[in-house]
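**Q** Throw the hints in and build the complete structure from the sequences for me.
For the record, the sequence lines run as chains Y and Z. In terms of numbering that gives the first Met the number 0, the first sequence opens at residue 0 and continues consecutively. In terms of numbering that gives the first Met the number 0, the second sequence opens at residue 0 and continues consecutively.
To be clear, the hints were calculated from the coordinates, so they are not data collected in a lab. Since the structure is predicted, the reported quantities are computational estimates derived from the model, not experimental observations. Heads up, the beta-carbon is just placed ideally off N, CA and C, and yes, glycines get one too. Any given hint might turn out to be false.
[Claimed, not checked] Pair by pair, the computed Cβ-Cβ distance ranges are:
no., chain 1, residue 1, chain 2, residue 2, range
1, Z, R407, Y, I152, 38 to 44 Å
2, Y, L88, Z, V17, 32 to 38 Å
3, Z, Y216, Y, D34, 38 to 44 Å
4, Y, E103, Z, K154, 46 to 52 Å
5, Y, A127, Z, Y216, 29 to 35 Å
6, Z, D236, Y, N115, 31 to 37 Å
7, Z, Q77, Y, S104, 45 to 51 Å
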Amino acid sequence: MSTNGIDPALEREVTALINREAMLLDRRRWEEWLDLYAEDAVYWVPAWATEEETTTDPETQLNLIYLKNRGRLEDRVFRIESRQSWASLPLDRTVHVIGNVLVESAEGDAVEATANCIVHVYGKKGAATRGSRYDFAFRRIDGALRIARKKVIFIDDRLEGPVDIYHL
Amino acid sequence: MNGGTNRSRFSDLVDDRVDEGVFRVDRAIYTDKAVFEAEIERIFEGGWVFLCHESQVAKPGDYWATEIGRQPVFVMRQTDGSLGCFINACSHRGAVVTPLKQGNANVITCRFHGWVYDRGGRCVSIKNEEAGYAATERSGGRFDLRRIGALDSYKGFVFGSLSSDVPALRDHLAAAARWIDLLADQAQNGLEVVPGCSTYVVHGNWKLQAENSVDGYHVTTLHSVFAATTAQREARDATAGMGRTESGRIKGKVPSGTYDLGNGHMGLWAQHITPHVRPIYEARAWLEEKLKPAEVEWILNRGRNLYLFPNAMLMDNPSTQIRLVKPVSAALTEVTVYCIAPKGESKTARAARLRKFEDFYLTAGMATSDDAAALEAVQDGSLGPPSQWNDMTRGLSDLVAGPDRDARDLGFEPASSCPDWDHEGMFHGFYRAWLERLEKGSGVA
Numbered sequence: 000m001s002t003n004g005i006d007p008a009l010e011r012e013v014t015a016l017i018n019r020e021a022m023l024l025d026r027r028r029w030e031e032w033l034d035l036y037a038e039d040a041v042y043w044v045p046a047w048a049t050e051e052e053t054t055t056d057p058e059t060q061l062n063l064i065y066l067k068n069r070g071r072l073e074d075r076v077f078r079i080e081s082r083q084s085w086a087s088l089p090l091d092r093t094v095h096v097i098g099n100v101l102v103e104s105a106e107g108d109a110v111e112a113t114a115n116c117i118v119h120v121y122g123k124k125g126a127a128t129r130g131s132r133y134d135f136a137f138r139r140i141d142g143a144l145r146i147a148r149k150k151v152i153f154i155d156d157r158l159e160g161p162v163d164i165y166h167l
Numbered sequence: 000m001n002g003g004t005n006r007s008r009f010s011d012l013v014d015d016r017v018d019e020g021v022f023r024v025d026r027a028i029y030t031d032k033a034v035f036e037a038e039i040e041r042i043f044e045g046g047w048v049f050l051c052h053e054s055q056v057a058k059p060g061d062y063w064a065t066e067i068g069r070q071p072v073f074v075m076r077q078t079d080g081s082l083g084c085f086i087n088a089c090s091h092r093g094a095v096v097t098p099l100k101q102g103n104a105n106v107i108t109c110r111f112h113g114w115v116y117d118r119g120g121r122c123v124s125i126k127n128e129e130a131g132y133a134a135t136e137r138s139g140g141r142f143d144l145r146r147i148g149a150l151d152s153y154k155g156f157v158f159g160s161l162s163s164d165v166p167a168l169r170d171h172l173a174a175a176a177r178w179i180d181l182l183a184d185q186a187q188n189g190l191e192v193v194p195g196c197s198t199y200v201v202h203g204n205w206k207l208q209a210e211n212s213v214d215g216y217h218v219t220t221l222h223s224v225f226a227a228t229t230a231q232r233e234a235r236d237a238t239a240g241m242g243r244t245e246s247g248r249i250k251g252k253v254p255s256g257t258y259d260l261g262n263g264h265m266g267l268w269a270q271h272i273t274p275h276v277r278p279i280y281e282a283r284a285w286l287e288e289k290l291k292p293a294e295v296e297w298i299l300n301r302g303r304n305l306y307l308f309p310n311a312m313l314m315d316n317p318s319t320q321i322r323l324v325k326p327v328s329a330a331l332t333e334v335t336v337y338c339i340a341p342k343g344e345s346k347t348a349r350a351a352r353l354r355k356f357e358d359f360y361l362t363a364g365m366a367t368s369d370d371a372a373a374l375e376a377v378q379d380g381s382l383g384p385p386s387q388w389n390d391m392t393r394g395l396s397d398l399v400a401g402p403d404r405d406a407r408d409l410g411f412e413p414a415s416s417c418p419d420w421d422h423e424g425m426f427h428g429f430y431r432a433w434l435e436r437l438e439k440g441s442g443v444a
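**A** Here it is in structure tokens:
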């Protein structure tokens, strides 16, 4: 066991899953990316309510993105792949770099973890580097960990260019 | 402009010969630095601009920091319930005095040298005052924060001007006031700005934001992918009720129109084919009891975008929005969006309103991001001198001077009416007001 009581094998598994998601997004392997998510996965990016606090209740406050099942992630892919979305043509190039992965809890099939991500974006109007904090919840389904919830605290405001699932 | 920066005749930039079938604007208006400087001075710092909604400064001591043109200002709810608006710069050495964008305070203390101002902007304390100033110096008011030139609100929407040489706010709003009524009067307990906002930067001139807010012509091309995406989602999820997306306006022809509302304000509307999916529909019985039939028709069944010259849009379309534009340079505009909603609406309606907002209106959403890309493409295409004119004559033969029947039914007096939101006649009013303000010069003494 590691010092926080989490099985090191589980830590490796979680780290690999978060890294894999980043790789699949950067390489536009959308179908494999979608497969990482549970059917009822929640994808939530709160908006900033003040300079210091994000919104906290996604139902009654504004979010940048709040999607309540995997199908809604498929919709985002559909829009990107349609080549009809001007914001997605040409598609921004991205590189995700994941760090600070920590498994916070593991009970039965439910695992929670946090991580940070720096995404370097290159698009029509130049380059930007954006930071995100991830709060993940995973669930083991048929032996494999799946993402049950991804909350992204997107620390940047005054956003340049689009913000879509592959930027986060 | 041929790249020059000595433009003295702004009138050359607007080729306004409607009688001859010509209305076009020189694309230099989007790119020229001298034009931009004149706009900031004469339009943004020389007249009324939108500041905030009263719900953002609801209680005594609530403050809201923003800008008028380049000048930081803050609105402060006074102890007696009235509003004050002050130049947000310490009388001493000019530092912005508000610690945060918004907050509540009995006094504002400059964090630089510790000068203290009360809610009315009076300088009530100076650190080590007796060692530096004569005893009577502060009492004369010369160390107080300066008030802006004019401040007023209309139905909860707060406007200010650095210049005091401005018409009454109600006169400035002209026919747009009636469109503000449609948003304000639909809320039986008043409106509130919902927590959370988003600011994004568009590499395009601020006037492209103004144009686009009432440009219906782009919707069936630019946003067809939005309609296709939400239709696919709703078929898959078997979405019912308010969760559905009104897409009649995107898919094809519905009754629609645009108006030149005077003083540069513009309005656009389109009929909703599924008004029952709108969150406001739950208030239908109350609306029908309290309001006139024409008002109910406009509120329930017509999506509306209102552009308030020069810096604000009030949208009541898929969702309800305040959109603010802040010009940064000729080619750069900062946009901030807020959801505004009736206080006390049901949780179902509030959630549906927010989900519709997130679907469409954000750069993280599935439509506004495409708008931003389109406007940036216009900016890029406007850079070269050989590419000089933007034509704005579409629908000219159908342009009606004054009100059409719909405007008369509701009771407002537009300068002109277009019977189709594909038409471009409302831009004429915008650019005439723009030109008038540039040629009038600065209103700031």
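**Q** Hint by hint, note whether the structure agrees.
**A** Comparing the hints with the structure gives:
1. R407/Z x I152/Y: 38 to 44 Å: The hinted range 38 to 44 Å is violated for R407/Z and I152/Y, with Cβ atoms some 51 Å apart.
2. L88/Y x V17/Z: 32 to 38 Å: holds (36 Å)
3. Y216/Z x D34/Y: 38 to 44 Å: holds (41 Å)
4. E103/Y x K154/Z: 46 to 52 Å: holds (48 Å)
5. A127/Y x Y216/Z: 29 to 35 Å: For Y216/Z against A127/Y, whose Cβ atoms are near 31 Å apart, the range 29 to 35 Å holds.
6. D236/Z x N115/Y: 31 to 37 Å: This hint holds: roughly 33 Å between Cβ atoms.
7. Q77/Z x S104/Y: 45 to 51 Å: Between Q77/Z and S104/Y, where Cβ atoms are some 50 Å apart, the hint holds.
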